[in-house]
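Chains as they are written, first to last, in the numbering used here: chain Y, 1 to 288; chain Z, 1 to 288; chain P, 1 to 288; chain V, 1 to 288.
Since the hints were made in silico from the structure, they are not lab data.
Any given hint might turn out to be false.
[Stated by the list, open to error] Taking lysine-lysine and the DSS-like style, the derived pairs with C-alpha atoms no more than 25 Å apart in a straight line are:
| no. | chain 1 | residue 1 | chain 2 | residue 2 |
| --- | --- | --- | --- | --- |
| 1 | Y | K28 | Y | K132 |
| 2 | Z | K271 | Z | K97 |
| 3 | P | K22 | V | K271 |
| 4 | Y | K22 | Z | K22 |
| 5 | P | K22 | V | K28 |
| 6 | Y | K22 | Z | K28 |
| 7 | Z | K22 | Y | K28 |
| 8 | Y | K22 | Z | K31 |
[To be verified] So these bits of chain P aren't anywhere near chain V, every CB distance computed over 10 Å:
| no. | residue |
| --- | --- |
| 9 | Q115 |
| 10 | S123 |
| 11 | E135 |
| 12 | V137 |
| 13 | T149 |
| 14 | L274 |
[Stated by the list, open to error] Pairwise CB distance ranges, derived in the manner of DEER restraints:
| no. | chain 1 | residue 1 | chain 2 | residue 2 | range |
| --- | --- | --- | --- | --- | --- |
| 15 | Y | R263 | V | R169 | 30 to 38 Å |
| 16 | Z | G241 | P | R179 | 17 to 25 Å |
| 17 | Y | D39 | Z | G241 | 48 to 56 Å |
| 18 | Z | T173 | Y | G127 | 22 to 30 Å |
| 19 | Y | E249 | V | S242 | 19 to 27 Å |
| 20 | Y | D39 | Z | Q115 | 18 to 26 Å |
| 21 | P | V240 | Z | E250 | 33 to 41 Å |
| 22 | Z | Q115 | P | E250 | 51 to 59 Å |
| 23 | P | V137 | Z | T173 | 54 to 62 Å |
| 24 | V | Q115 | P | T262 | 42 to 50 Å |
| 25 | Z | G127 | P | K239 | 46 to 54 Å |
| 26 | Z | E250 | P | G241 | 24 to 32 Å |
| 27 | V | R169 | Y | E111 | 45 to 53 Å |
| 28 | Y | R256 | Z | Y120 | 51 to 59 Å |
Using N, Cα and C, we set each Cβ at its ideal position, and we do this for glycine too.
Number of protein chains: 4
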Amino acid sequence: MSLGINILQAIGRYSQMLIKVKGLVASKRSKYQQIDIVDTEEFGRVLVLDGLVQSSEYDEHYYHESLVHPAMVLHPNPERVLVLGGGEGATLREVLKYRTVRRAVMVDIDEDVVQLSRQYLASWHRGAFDDKRAEAVIEDGKAYVERTTERFDVIIMDLTDPYGPEIARQLYTESFIRRLYSLLADDGVVSTQAGTSFFFPDEYRDLLESFRKVFRYVDEYSTWIPSFGYACNFIVASKVGSLAALSEEEIDRRLRERGVETRFINGRVLKALLAIPTYYKATQGTPR
Amino acid sequence: MSLGINILQAIGRYSQMLIKVKGLVASKRSKYQQIDIVDTEEFGRVLVLDGLVQSSEYDEHYYHESLVHPAMVLHPNPERVLVLGGGEGATLREVLKYRTVRRAVMVDIDEDVVQLSRQYLASWHRGAFDDKRAEAVIEDGKAYVERTTERFDVIIMDLTDPYGPEIARQLYTESFIRRLYSLLADDGVVSTQAGTSFFFPDEYRDLLESFRKVFRYVDEYSTWIPSFGYACNFIVASKVGSLAALSEEEIDRRLRERGVETRFINGRVLKALLAIPTYYKATQGTPR
Amino acid sequence: MSLGINILQAIGRYSQMLIKVKGLVASKRSKYQQIDIVDTEEFGRVLVLDGLVQSSEYDEHYYHESLVHPAMVLHPNPERVLVLGGGEGATLREVLKYRTVRRAVMVDIDEDVVQLSRQYLASWHRGAFDDKRAEAVIEDGKAYVERTTERFDVIIMDLTDPYGPEIARQLYTESFIRRLYSLLADDGVVSTQAGTSFFFPDEYRDLLESFRKVFRYVDEYSTWIPSFGYACNFIVASKVGSLAALSEEEIDRRLRERGVETRFINGRVLKALLAIPTYYKATQGTPR
Amino acid sequence: MSLGINILQAIGRYSQMLIKVKGLVASKRSKYQQIDIVDTEEFGRVLVLDGLVQSSEYDEHYYHESLVHPAMVLHPNPERVLVLGGGEGATLREVLKYRTVRRAVMVDIDEDVVQLSRQYLASWHRGAFDDKRAEAVIEDGKAYVERTTERFDVIIMDLTDPYGPEIARQLYTESFIRRLYSLLADDGVVSTQAGTSFFFPDEYRDLLESFRKVFRYVDEYSTWIPSFGYACNFIVASKVGSLAALSEEEIDRRLRERGVETRFINGRVLKALLAIPTYYKATQGTPR
Chain Y
1 MSLGINILQA IGRYSQMLIK VKGLVASKRS KYQQIDIVDT EEFGRVLVLD GLVQSSEYDE
61 HYYHESLVHP AMVLHPNPER VLVLGGGEGA TLREVLKYRT VRRAVMVDID EDVVQLSRQY
121 LASWHRGAFD DKRAEAVIED GKAYVERTTE RFDVIIMDLT DPYGPEIARQ LYTESFIRRL
181 YSLLADDGVV STQAGTSFFF PDEYRDLLES FRKVFRYVDE YSTWIPSFGY ACNFIVASKV
241 GSLAALSEEE IDRRLRERGV ETRFINGRVL KALLAIPTYY KATQGTPR
Chain Z
1 MSLGINILQA IGRYSQMLIK VKGLVASKRS KYQQIDIVDT EEFGRVLVLD GLVQSSEYDE
61 HYYHESLVHP AMVLHPNPER VLVLGGGEGA TLREVLKYRT VRRAVMVDID EDVVQLSRQY
121 LASWHRGAFD DKRAEAVIED GKAYVERTTE RFDVIIMDLT DPYGPEIARQ LYTESFIRRL
181 YSLLADDGVV STQAGTSFFF PDEYRDLLES FRKVFRYVDE YSTWIPSFGY ACNFIVASKV
241 GSLAALSEEE IDRRLRERGV ETRFINGRVL KALLAIPTYY KATQGTPR
Chain P
1 MSLGINILQA IGRYSQMLIK VKGLVASKRS KYQQIDIVDT EEFGRVLVLD GLVQSSEYDE
61 HYYHESLVHP AMVLHPNPER VLVLGGGEGA TLREVLKYRT VRRAVMVDID EDVVQLSRQY
121 LASWHRGAFD DKRAEAVIED GKAYVERTTE RFDVIIMDLT DPYGPEIARQ LYTESFIRRL
181 YSLLADDGVV STQAGTSFFF PDEYRDLLES FRKVFRYVDE YSTWIPSFGY ACNFIVASKV
241 GSLAALSEEE IDRRLRERGV ETRFINGRVL KALLAIPTYY KATQGTPR
Chain V
1 MSLGINILQA IGRYSQMLIK VKGLVASKRS KYQQIDIVDT EEFGRVLVLD GLVQSSEYDE
61 HYYHESLVHP AMVLHPNPER VLVLGGGEGA TLREVLKYRT VRRAVMVDID EDVVQLSRQY
121 LASWHRGAFD DKRAEAVIED GKAYVERTTE RFDVIIMDLT DPYGPEIARQ LYTESFIRRL
181 YSLLADDGVV STQAGTSFFF PDEYRDLLES FRKVFRYVDE YSTWIPSFGY ACNFIVASKV
241 GSLAALSEEE IDRRLRERGV ETRFINGRVL KALLAIPTYY KATQGTPR
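The following block holds chain Y by itself, in its conformation from the complex (with noise of 0.2 Å):
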């Protein structure tokens, strides 16, 4: 039974889901919005950010593994590597990861949620924000984006959902996608998390649509993120080629040779991912 401390988050806009809290861990009114860590009975610690579970211990490796591996793959060769949100600290984890990256930095607005990741969440970034290649800034992520100059092998926007928060939306519009075009080398690649596809179809394609004007390559696959409530769609967009033209056995050989290991995503599992309909509703032709 699940009286007690719960979660309630929203899956869609008229689903929600209750998941039983354990224990509290931390919690803090920042400048941009309520964090809460805790632990639960069926997906260890879990954070939240405004009361949406951003990730949990039992899944978060499908979710950050999804985000990651796939854009990191498809590049020839990232060394340079610019990471939109994430203060937990995973994404940056799994970045640093290839040998290939030289410098990764991670551009967070929110001070508190990287300050009480570090402290709580030690399984999320494993000594991530202290490796010599990171720089983690506190800022906000379109702010920095238009004032760099620098420019990055792979972006990955690891932000809160396309429809949600206002604050993040700004970074989901065409033009902020046509300026990380801009910042991203002639090889460039970017990917995104996009919330759901199913439960917010429209918004999921003016996205994808978004990308698809700005990119020439637009990759798009989804991972049942159990935490979630449901299966989190992904973009991948790059200017030279798509995942489609990579077999199984050259990105095995892509993650082997960067020195990768990976608990989800391989070259069999991310090609199956890529081979499943992605789920929203009108393309399967469902009525809605």
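Put chains Z, P and V on the given structure of chain Y with help from the hints.
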């Protein structure tokens, strides 16, 4: 909206209440129960034991005054008081308002509840634990009552519900009530909270019957406690008289003479509470 | 346990109640609102409008008697009664208990509510719609009040909450209350339900203030309605006298003389309700 | 927002899902279970048994195609098919798409489920019950399987979860699986839905082990079903071959030759489903 961390608590067998949490204060799995102290949007700070709100900052005075003052006023000269449960210290606080009181013993099974309450629920106990007249005993209330040879003028049961966790249920049996009777002075009074007679009419009536079998005078009334989601029932039983026999003026005189200041209970309100039916379905002729 | 179909209803801004449904009776999207009639485990049959329980089989008498009888008893000789809202017919039923009543007009905007209530809520109306003294008008209460030239002894507002849907809000304004005043006979009385003053203290006080600006005598009280999850506030306003001036005996005498039998309200209970503070946080000195 | 009538359904032991209901269609307490058919905001029409969504209009094809086609495609020439459970008729509908099928027997214990589905879930069965090749038997699946002397090419178990109500649990035991084995032709195939291996890893592994003890070839895969709140596991077991041995092209060829049109499952998708780990915590090395 109420997305985010919430308390999900039982109201009846088939009714629940969701209460939005604003921040996490403390959380511990004790030897006996899950203890959570949280700050909520609509009730201020709240103590939650095994998923049930025990009392909240904004309405605890309705509960604790309804539990303590009728019994304390009914007794001609309450000097020795025993509180079973009530680890928050608020029942003790109300008892110690009486300048007639020379000794007040609080017996709570869970040291962690007392410890966390002392630390985080200052507006509940307001120093009651440090009053020289008070003694806090950490022990199973049943064991204490069985071993003590002390006699008391007033005994107050501030436990979980009669139909709640097993550990408290044995303190609501007829044989236990007889034991309390034997501990009371000849003009002794006992009072207890009794959960909700609307949602648990049979359990409530059984308890009321048990008191009636043991005590000559038994009064009942209920007070709406917003954070419980229901009007909480109370039973006051006495060897020598009923609350019905006290006039409004006499109640106010006794409170005044004994130096007691209250926020909710006074002569007028107590007489009114006694006049209103206590909502158990059968009494009201309501179909079940 | 409560898995399965449930009513999820708001109690406050940040508190909700889950009520387990046993069976579905009827359901319609009317021109104005979503209407659901369901059978529940703990409240019997329930009428739900836009997700809020309007009344339930097991506790509707607490609500309807608290709404109707204080006003009807306060008036020296209620002959002409106007009910705004109240499409279930239970308010009309209580009004028609008075043999003094010669004409009772019920004005509800939603024909479907009236139709479904007639069909499925027989224990609510109990034939009230067929009483020769009764007239059911399907019209916006505001429009009716503005166009009618009739005068009434008692007006009863049985609407959704003052802080609820827009459509009813305009019937809680000072200017509307002034219009009601002008429709009332010289000894006229108006009564209204007023939602919950604990959870919406500001909105409640605004409404109370509006009545006080218009009427010389204004009484307030509250009754716990289990299926609402709170004690519901009521306001009774009169041109010529206060409920405070009626003795318990006088109330009982008037009920008796007028041929009224009740299950909840009588002289003793009504005087008690008036004696208990109505729990709005500020009055009680509770921190907000 | 989701206030109003909702389905509250279990996802795991400590996780639940709230699904907003738009309208009530039908509701019956049958001899075996509570049956509710409702229209929802985000899933269209939904069949709910004992508080659990069985299938929804917008995503039932993901479920039913995942359950039926892998098994039907694996068999070289499926002519005689037995469906246990599946009273909605959608599993039968998918089975009857195969022109190889000469006889399809559906055995459901609950006549009321079949009756209400025929009346209100036309888009599920689409006339399957009227197909001359189909026979609907109202009987306990266990009793049917024990008494029949017929042999089948494919058996499909479309029951409540292996860790769900007692009545279905006895159909997931090793001895029952052995009985199914004995009913199957020499090249027979059985498939079953298996609940969620993420939330019930032990129960899932036990079931998988039982199949492995009885059958030489056992495949597993999972498909996210939005209205379940999780990716649903499926197990396909065969006497003579594994799905792993079928190429994408061979799967598509068999579907085409047998006259089967699908919306979700095809060679590419089925091979992909088989390639993705099925998320049970221990396999993934996730702490429990």
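Taking the hints in turn, this is what the structure says about them:
1. K28(Y) - K132(Y): violated, 29 Å
2. K271(Z) - K97(Z): Measuring from Cα to Cα gives roughly 21 Å; hence the hint holds.
3. K22(P) - K271(V): violated, 43 Å
4. K22(Y) - K22(Z): holds, 17 Å
5. K22(P) - K28(V): Holds: K22(P) and K28(V) sit about 9 Å apart, inside 25 Å.
6. K22(Y) - K28(Z): holds, 9 Å
7. K22(Z) - K28(Y): Given pair K22(Z), K28(Y) holds - Cα atoms ~9 Å apart, limit 25 Å.
8. K22(Y) - K31(Z): holds, 15 Å
9. Q115: Holds, because the least Cβ-Cβ distance between Q115(P) and chain V comes to about 16 Å, which exceeds 10 Å.
10. S123: holds, 20 Å
11. E135: holds, 31 Å
12. V137: With a cut-off of 10 Å, V137(P) remains clear of chain V, as the shortest Cβ separation is near 28 Å.
13. T149: holds, 39 Å
14. L274: holds, 33 Å
15. R263(Y) - R169(V): 30 to 38 Å: holds, 32 Å
16. G241(Z) - R179(P): 17 to 25 Å: violated, 54 Å
17. D39(Y) - G241(Z): 48 to 56 Å: holds, 52 Å
18. T173(Z) - G127(Y): 22 to 30 Å: violated, 57 Å
19. E249(Y) - S242(V): 19 to 27 Å: holds, 22 Å
20. D39(Y) - Q115(Z): 18 to 26 Å: Holds - the Cβ-Cβ distance for D39(Y) and Q115(Z), about 21 Å, lies within 18 to 26 Å.
21. V240(P) - E250(Z): 33 to 41 Å: Holds, at about 35 Å.
22. Q115(Z) - E250(P): 51 to 59 Å: holds, 56 Å
23. V137(P) - T173(Z): 54 to 62 Å: holds, 58 Å
24. Q115(V) - T262(P): 42 to 50 Å: holds, 45 Å
25. G127(Z) - K239(P): 46 to 54 Å: This hint holds: roughly 52 Å between Cβ atoms.
26. E250(Z) - G241(P): 24 to 32 Å: holds, 30 Å
27. R169(V) - E111(Y): 45 to 53 Å: For E111(Y) against R169(V), whose Cβ atoms are near 52 Å apart, the range 45 to 53 Å holds.
28. R256(Y) - Y120(Z): 51 to 59 Å: holds, 53 Å
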